[in-house]
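When you get a sec, could you build the whole thing from the sequences and use the hints?
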Amino acid sequence: MRKGALSKFFSRQQMLKLEGEVQEFAQLAIDKMLRSAGKEPFDVKEAFNCFTADIISQYAFGEPMGFIAQEGWEPNFATWVKSFFKSAYMMRHNALGRKMAQVLPMMADYMGEDIKSVMRQMNVVIPGYIQAALNNPENGRVFADLMESKTMPESEKSMYRLSGEGFNFLLAGTETTAATLTVITYYLLAQPTTYARLMEELRGVDPSNLKWTELEQKPFLWAVIHESLRMMPGVSHRSARIAREEDLVYKTRDGKKEWVIPRGTPIGMTSMINHWDKELFPDPDEFSPERWLVDGKPNYKLQKYLLAFGKGSRSCIGEQ
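Residue numbers (the UniProt record's numbering): 1 to 320.
Warning: the hint list may mix true and false statements.
Below 27 Å or equal to it, Euclidean Cα-Cα: the simulated DSSO-like pairs (lysine-lysine) are [to be verified]: (1) LYS211 x LYS17; (2) LYS218 x LYS301; (3) LYS301 x LYS32.
Worth flagging that the hints you see were computed from the coordinates, not collected in a lab.
Spelled out as structure tokens, the structure:
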């Protein structure tokens, strides 16, 4: 239900409308990086975390969270994410503590710094951004429009549910995109020939007026992005699934053996099994954009084995 209401915000057409804002934030991030040249080294992933969080919050809430504008690259949204996962085990297995922290936020003060940080984001920071978006619907973007959605019942529009959705919104798009940009940066610097080939392909492109409709026609850039997604899948851990209405039949590739997994059986799946399959991707530990090209053109047949965004009805709505 919520995915259906959100999907329209992630259409290709909608994403193309954001090009100007993305370029503005990209330039701000680059300028800040350049000011750091010759000074103390910094973790580029933290810089990308600031960049992606500001873009997503601008789109979701109508204003950036200000990570690029702050002094230095930390703390950023990834700092909150680390706190979230550190506290996840306790919050999952301590239902009483979780409920008390929700009902009485001051209880979080006695549950450790990680939980205190997470509860502050959930109860104060993100609700503040959402409320500001609701108060200014013209600039509020996603969450202001969600309140007008006729496909979502009123129970889905409570501040508690919207805050959770806001956290998920940021969680899903910030770290994953930053990690992919980090992989691209690392391998382009580590493999000069790959970098040189990409720069040659991009020769003549105006960096001050980038258009995705033009960039997506560059086959080697397409290949670099796909190889980075293969090397750094959005979700590296196993995703839990349960087929409730049908048995699952698993067959070997040669069809000689098969196993039946009864319906209702919890299973786990991960894209990394596919992405490191030597039959699909020879030398899977090597960063090789060339594997995605056939005679210099994109190998779309190989694309079906890329599961970084999942597949089917549970696939990531942010693929565009």
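Results of checking the hints against the structure:
Pair hint LYS211 plus LYS17 holds up; C-alpha atoms about 11 Å apart against a cutoff of 27 Å. A threshold of 27 Å between alpha carbons decides the hint, and for LYS218 with LYS301 the separation of about 18 Å falls inside it, so the pair holds. In summary, the hint linking LYS301 to LYS32 is not supported, as the alpha carbons are separated by about 40 Å, beyond the 27 Å threshold.
The structure shown violates just one earlier hint, number 3.
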